[in-house]
Structures are given as structure tokens and as C-alpha cells.
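Asks: Sequence:
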Amino acid sequence: MTKKIVFLGSKPIGYECLTHLIEQKEKLDIEITGLLTHARKEFGNAHDLNILAREHNIPILNSLADIPACDIIYSVQYHEILKQQHIDKAAQIAVNLHMAPLPEYRGSNQFSYALLDEKTEFGTTVHRIDARIDHGDILFQKRFPIPGNCWVNELYRLTYNASLNLFRQTLGHIVSGNYNPVAQQLLEAKYGTSLHYRHEAAAIKIIDLAWDNEKIERHIRATSMPGFEPPYCFIDGKKVHFTAS
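Numbering (this note's numbering), first residue to last: 3 to 247.
Some clues are possibly wrong.
[As the list claims (entries may be wrong)] Cβ-Cβ distance ranges computed for the label pairs, FRET-style:
(1) 133 with 232: 20 to 26 Å
(2) 212 with 156: 24 to 30 Å
(3) 230 with 190: 41 to 47 Å
(4) 145 with 205: 35 to 41 Å
(5) 135 with 159: 30 to 36 Å
(6) 145 with 245: 39 to 45 Å
(7) 229 with 184: 44 to 50 Å
(8) 4 with 242: 26 to 32 Å
(9) 151 with 205: 32 to 38 Å
(10) 217 with 196: 49 to 55 Å
(11) 150 with 196: 20 to 26 Å
(12) 25 with 205: 37 to 43 Å
(13) 33 with 200: 42 to 48 Å
(14) 87 with 200: 34 to 40 Å
[Said to hold, decoys possible] Think about it this way: if two alpha-carbon atoms lie no more than 25 Å apart in a straight line, the pair counts; the simulated DSS-like pairs of lysine-lysine are:
(15) 121 with 91
(16) 85 with 192
(17) 217 with 121
(18) 6 with 121
(19) 121 with 144
(20) 85 with 6
(21) 27 with 5
(22) 27 with 121
(23) 29 with 121
(24) 217 with 241
(25) 121 with 5
(26) 192 with 144
(27) 6 with 27
(28) 85 with 121
(29) 5 with 29
Source of the hints: derived by calculation from the structure; they are not laboratory data. Owing to the predicted nature of the structure, the values given are computational and were not obtained by experimental measurement. Quick reminder that beta carbons are idealized off the backbone N, C-alpha and C, glycines included.
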């Protein structure tokens, strides 16, 4: 029986995942019955999910309330939190591709916090969506080492590639129901857990020149993401940015 999938996503990773989903329609016997996205002007038409959806006659939804009854909801970098009434639209499962290892890094800015925490390992996770942020059971996960003296944009690139590969490798298993959920609580003793919000990014960009050199350098590496305000300090009341050269 054909499985009906609603895709929620944005950013280049969401575009690439939707592209793969479209390419696998016949092989996996799936129908994409809706797309819900958040337009990001900085990515341009090259990664516009709305354009991709129109090219393939995929219905474009306006809000979470418009999600139709389906078998699977798949979210990739979608910005809104699903409530239980949205999750319940999926008869089989609602899943999320979270670009970080769970249970360690729930929420936002995970790349920066992993570097600030001096982690040597990172990863990406496909998990069941429940009513809490990045809290549902783990279905699939890929972990990899963090290179020494890693910068945040490098860690993002490594995670992007690992996430796209994980999506491609496990999509068939998600569609067929071939997964063994693992409760995140079972892994918290081994890995720990945290939850960070978008607004926290502003505070970790502020460099205190009284810190030792290693801490200053680590904060600069962790927060120097191209396209966003660089880390900075204040000298005589003036904001001074740090940029890589």
C-alpha cells in the first residue's frame, strides 16, 4: 500500500532531503501529500523548497494546522515545534532529522556548544517526534570524531554530510517501519543531556579578555559562523569583532 508522507523542512539540508524523497517515490511506493517550509532568502532559489514542490506537483501547506492525515510526517530543519494534534496526523510515525547527537544536544546552536564543551565526538540523529523538543525515541544515529581545533563551520559541514547520508540510508527503513526505538532516557547516564534555545547564541559570542588564551580561542572557533555576527569583545565601550584570517 502506498505510504503518504508530509514533509516539513527548510535550509539546504531540507532541500536535499526532499529531493531524495522525490527520487525514491516509485522505489519506496510513497506519495508526498504536502510540503510545509519556511522561506529563507539567504539561500536563494537554488534551495527553494517551494519551487521544488511546484515542479513536482506537491501540495504546499500554509501552516501546521493544514497537515492532512497521512502515514508519516518527516521534519528536517523545520523551525516550529509540533504539538500533539499535529503529530497525531501521522498514523504510523512522525520523525525528525536532528543535526546533533541525542540526548546530548537538544534544541539549537548545538555545533557551538559541542566545541565550547570540548567534545571529541559529535553526530546526527533520526528520532521520533513527541510533544517535547528533540525528546522522542532514537530510531537511527551516526556518530563521528570532531577534528582537533575544529571551527564551527567545519563541524557544521561534517554534520551536514553525515545527516544527508543518514537520511538517505534510513529512509526505506522509516517507510517500511523497520526500526527499533530507543528511549533517550536510557542514554542520558552515558552521554548527558542539554537543551539550548536560539536566543542563547547572543551570550556565547561575547568574549571576555580576562579569560585565558585557550578559552578565548575556543569561543572564537565555536561562534565564528559565516553569515552571522562574529564573536566580539568591548574595548573602551566599543564593540570589536573577531574575524578569522
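Asks: Please go over all the hints and tell whether each is borne out by the structure.
Replies: Status of each hint after checking the structure:
A beta carbon spacing of about 36 Å between residue 133 and residue 232 contradicts the range 20 to 26 Å that was offered as a hint. Look at residue 212 against residue 156: about 28 Å separates their beta carbons, and that is inside 24 to 30 Å. At about 30 Å, the CB distance of residue 230 to residue 190 disagrees with the hint of 41 to 47 Å. A hinted range of 35 to 41 Å for the beta carbons of residue 145 and residue 205 is inconsistent with their spacing of about 28 Å.
At about 24 Å, the beta-carbon gap between residue 135 and residue 159 misses the expected band of 30 to 36 Å. As the Cβ distance of residue 145 to residue 245 is approximately 31 Å, the hint placing it in 39 to 45 Å is violated. Between residue 229 and residue 184 the C-beta distance comes to about 35 Å, which lies outside the given range of 44 to 50 Å. The given range of 26 to 32 Å is broken by residue 4 and residue 242, whose C-beta atoms sit roughly 58 Å from each other.
The supplied range of 32 to 38 Å is broken by residue 151 and residue 205, whose beta-carbon atoms lie about 23 Å from each other. A C-beta distance of roughly 19 Å is found between residue 217 and residue 196, which places it outside the suggested range of 49 to 55 Å. About 23 Å separates the C-beta atoms of residue 150 and residue 196, a value consistent with the hinted range of 20 to 26 Å. For residue 25 and residue 205, the Cβ-Cβ distance of about 42 Å falls inside the hinted range of 37 to 43 Å, so the restraint holds.
Checked against the hint of 42 to 48 Å, the C-beta distance between residue 33 and residue 200 comes to roughly 34 Å, which is inconsistent with it. In this structure the hint that residue 87 and residue 200 lie 34 to 40 Å apart at CB is violated, the actual value being about 24 Å. Using a Cα cut-off of 25 Å, the hinted pair residue 121 and residue 91 is violated, with the two alpha carbons roughly 38 Å apart. Between residue 85 and residue 192, the direct Cα distance comes to roughly 29 Å. Violation of the 25 Å bound is thereby established for this hinted pair.
Only pairs whose Cα atoms come within 25 Å are accepted, and residue 217 paired with residue 121 is accepted, the gap being roughly 14 Å. Taken as a hint, the residue 6 and residue 121 pair is broken in the structure, with Cα atoms around 39 Å apart against an allowance of 25 Å. Distance restraint check for residue 121 and residue 144: the Cα-Cα separation of roughly 16 Å lies within the 25 Å cut-off, and the hinted pair is therefore satisfied. Annotation: proposed proximity of residue 85 to residue 6 holds, straight-line Cα distance about 20 Å (limit 25 Å).
At roughly 10 Å between alpha-carbon atoms, residue 27 and residue 5 fall within 25 Å of each other, so this suggested pair holds. Distance check on the hinted pair: residue 27 and residue 121 sit about 38 Å apart at the alpha-carbon level, beyond 25 Å; violated. Restraint check for residue 29 and residue 121: not satisfied, since their Cα atoms lie roughly 39 Å apart, outside the 25 Å limit. Restraint check for residue 217 and residue 241: the C-alpha separation of about 19 Å stays at or below 25 Å, so the hint holds.
Taking the CA atoms of residue 121 and residue 5, the gap is near 39 Å; set against the 25 Å cutoff, the hint is violated. As the CA atoms of residue 192 and residue 144 are separated by approximately 16 Å, the hinted pair is consistent with the 25 Å bound. Taken as a hint, the residue 6 and residue 27 pair is honoured in the structure, with Cα atoms around 10 Å apart against an allowance of 25 Å. Restraint check for residue 85 and residue 121: not satisfied, since their Cα atoms lie roughly 32 Å apart, outside the 25 Å limit.
For the hint linking residue 5 to residue 29, the alpha-carbon distance of about 12 Å falls within 25 Å, and the restraint holds.
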